[in-house]
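Colleague: Construct all of the structure, not just a fragment, from the sequences and the given hints.
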Amino acid sequence: MSRITRLVGRRNVPILLALLLGGATFIGALAWLPTLSDGDTTPTVETRSVLVARDDLSAGERLDRSRLALVEVPTDVIATGALTRIEDGEGQVLRYPVEAGEQILASKFVGAERAEATGLAFVVPEGMRAVSVPVTEVTGAGGLIVAGDRVDVLAAVSETLLVGADYPTEGPEADIARREAPTAIVTVLQNALVLAVGQSVSDTSSVSRDDGAQRADDATPDPKAVSVTLAVSPEDAQALFMAVTEGSIGLALRSFGDTSSATVAPIVDVAPADDQPKVSAR
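Quick note: the sequence shown uses this note's numbering, first residue 1, plus one each step.
Please keep in mind that the hints were generated in silico from the structure rather than gathered at the bench.
Just so you know, not all the hints are guaranteed correct.
Stated by the list, open to error - Beta-carbon label-pair distances, calculated as ranges: (1) 261 <-> 137: 21 to 29 Å; (2) 86 <-> 266: 50 to 58 Å; (3) 72 <-> 121: 32 to 40 Å; (4) 81 <-> 144: 43 to 51 Å; (5) 96 <-> 268: 50 to 58 Å; (6) 134 <-> 235: 19 to 27 Å.
Please read these numbers as outputs of a predicted model, since none were measured by experiment.
All C-beta atoms, glycine included, are put in the ideal place defined by N, C-alpha and C.
Modeller: Here is the structure:
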């Protein structure tokens, strides 16, 4: 009987050892599990704030705070030259377009001061065209017009150019009619924005057609200027160029802030052709 007991006991030794090892493993696992909940095993990602566009921005657009935002971006994806403050982008002029959410780089724009010094294209309002007209001290309101003012454009042209005028339009008769026709004074444009007087440019890129004058506080008249550059629509640019080419023009300075329009009929000199000055084509 004792022999059988000893045999049974020897056979159970491996089983007992397995149970002991399994229990030790279970206890160790219970001790280790709390460390998983107490500590964060996710790798830490370093980020930094960078300046991005809130929406799509066009080339030539001047940036303001409402179009910009700061977002946290992993440092390993921050582009070289990316701006990190809104102040760094505010007032800048884009040389290239920027898509919504795209990081804004210093290489994407021309600084505000440089934009004014670089050329007129940066200050022409969107959808408008810059057209220069010749002026003298007399035809330019005494030389007192400055960039940012508003003016009306008057033209002295042959009556044959007026819409509905009953004159020959072709052949020698047309040339004779143009020379002998009375002179008409026409208001070609009203409320035109002055972009530049001579080489003096004003920043009016954000001004709409109906805004009042945007004269800079330090604007200085240039009585010796021989040209004034106006911001006009593409259609008005044609009319203005026609007036400059076919006759002579003058500028009427508007009161500061006045953007009203008036109905003005052309004035025609009905004196005999021999008694009136002729308007020659340029």
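Colleague: Determine for every hint whether it applies to the structure shown.
Modeller: Status of the hints after comparison with the structure:
The hinted window of 21 to 29 Å between residue 261 and residue 137 holds, with their beta carbons roughly 27 Å apart. The beta-carbon spacing between residue 86 and residue 266, approximately 52 Å, falls within the hinted interval of 50 to 58 Å. Range check, residue 72 to residue 121: about 36 Å between beta-carbon atoms, so the 32 to 40 Å window is met. A beta carbon spacing of about 45 Å between residue 81 and residue 144 agrees with the range 43 to 51 Å that was offered as a hint.
Taking the beta carbon of each, residue 96 and residue 268 are about 52 Å apart, inside 50 to 58 Å as hinted. Roughly 21 Å separates the CB atoms of residue 134 and residue 235, a value that falls within the hinted 19 to 27 Å.
Violated hints: none; the structure is consistent with every hint.
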